[in-house]
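Peer 1: What follows is the residue order along each chain.
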Amino acid sequence: MWQKFLRPLLLVFTSLRLTVILLVLSMALVFFGTLDQVNFGIHETQKRYFQSFLVFWNPLPPESTNPLARTGLPLPGGYLLGPLLLLNLLAAQFYRFRWSWQKSGILLIHSGLVLLIVSGFVTGFLGYERQMWIDEGGTKNWAESYMENEIVLIDKSEENRDRVYAFDSDHLKGGEIIDDPKLPVTLEIEEYYPNASVRQAGPNMRVEPAATNGAAPRMGLTATPAPETFAQDEFNADTAIVRVYDGDRDLGTWMVSNLLDDRFPPQTFMANGRVYEIALRFKREYYPFSITLRDFAHDRYPGTDIPKNFSSDVVVTDPQAGVERESLIYMNNPLRYGGHTFYQASFANQDTSSMLQVVKNPGWTLPYIAVTLVGLGLVVQFGLGFFRPRRRKTATATAAGNGPQPPSPDAQA
Amino acid sequence: MKASLLRLTVVGLLPFLLAACGPEEGEIRVYELTRPGDVAGADRPTPQAPSPGAPAGDRGSAPGPMAGTGNTPPAMPPGGAAAAPDRPSINPSSQMQTLPGMEEAAARIERPEWQVPGTWQVLEPTTIRKGNFRVAQGDEVAEITVTAFPGSVGGLASNVNRWRRQVGLAPLNPEQIAALTVPVQVDGAPAELVSIRVEEGAPSGTQGVLGVVIPRGELTWFVKMIGSSALLHEERDNLQRFAESFQFPS
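Residue numbers (my numbering), protein chains in the order written: chain A, 1 to 413; chain B, 1001 to 1250.
It should be emphasised that the hints constitute simulated quantities derived from the structure, not laboratory data.
Misleading hints may appear alongside valid ones.
Claimed, not checked - With the C-beta cut set under 7 Å, the calculated list includes, among others, these residues of chain B facing chain A: (1) Val1030; (2) Glu1032; (3) Thr1034; (4) Trp1120; (5) Leu1156; (6) Ser1158.
Everything numeric in this text was worked out from a predicted model, so none of it was measured.
Heads up, the beta-carbon is just placed ideally off N, CA and C, and yes, glycines get one too.
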């Protein structure tokens, strides 16, 4: 019974027609995604087009108030096309192809393609990028995202140690209550703005500060929602108004924003007899090792301002592993340590600060293996094909009587 | 046929199993960090503005108009940290990590003779800080440090911009910086007195920097006062007299 239902499905998934349709849709996805990079930048486009199930392309800019801007051409996203392609390839491989040495090249090619698609998923789900700014002579053991944010509560009560409670803030909504047994207090997100205009009220302006405690009343700060930006050289000022409850006790509200960064004094409150700092910041990741920037070099071609080379002379220190390793990071020569890759990405402060792009991608080796498999498969398949026609030709020639004749029994005699 | 279907089902589920491996969005992460003084706790380093892909030189600027919002968020860090005497140092440089050998090199530098103003509290010097002082007036606090480093340490503009960033101000070009400096004489040699947001009657919590940059042989000496803008305005003459009292060992 179930075979009656599954068999037609199997035929659909194993069809070459589906492969063609999926490849055409993939090309369309890449084409429209490329067009939308103008509006959304590379990261948002990647998220919208390749890390989604469905996307609507619209030629109107995102800030357009035209009602048509809310609709668009529907396209299957990467998370739909990828698994379907994978399924199609695997189904065809297992169902249509017969295993034989003559087809071992095709098997290798298909294995490589499967691995390539899988590596895309591994990177999409498990990989991430961070930024690590280090001043010359400085040491860092953490890097931060430049797109994702987190709300943190930091217990500052211990003499030498901080206990950090963190959760992602990018998907918060106004009115949401964060009541988790892991958290020492209950938080109510009164307002959440993915981008905000934070202003300091002038001396003659009668404006209520955005919150009852912390920086907002002290500095007369107000926050109003602003349209999100996707420009490469800008970032969204994620801002939230958070009410804190210590049990049933309402401690008031705090305005937290990634604008109020390390240059500002921490915003603190007391709950359960302990002192907590509250902040919204770019999402951080701490490492068990640290990196010291000994020197950043910005070489130019002699007599010009044309950059020739950027490099960071760093020392990696990992006390647990007993490692102290020197490394020079420059273009196409990243540092790989602890499952992370550190690329030279930017610099600032009159060439005294360096920015390293920290990439963690557990599947970084998979594309290399996949491409090798595909290459090997092509060589094998063409190699086998190279010999096959000769044998056929020989057989054909023999049948026509033009080729070399097998020795006759008479001749042998 | 059955085996094919089974294999098909298993491999078809693979992408979705992978999807399940991703971190949950609402997950609460709890971890512990060691405070500064230890590398693992260096979570309040030199102030750095997070501007992805920002052009060189833009980083570290005050959070001015950004994100297409045209907003002008507060440019100065308000007080609070400085007001509490038991809080850690208000000077961002106090959390500076040093390279192996740097402290030994600094220890070999001999400090000059100087005359400390009577209102200043003398704190314990360190190998890096040749002089370490604090001055307080009510809730207003300022810290004074004397340091020396080999070479020009990036030059005057670079150091002034570093100080500006520490109080949340955007960097300036060399011409604008020249307008902030006043030439002074220290032990018979020229030096520069720099004023960054030193304002009479500035609101409580407004932070500024007063600094004297003294090139001396192969070293550059820095006398830096960071803290309440209003207090800095009152202490300006004291700082200048203090720097001018320097007598370097011959």
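Peer 1: Hint by hint, which ones does this structure get wrong, listed from lowest number up?
Peer 2: Result: hints 4, 5 break, sorted rising.
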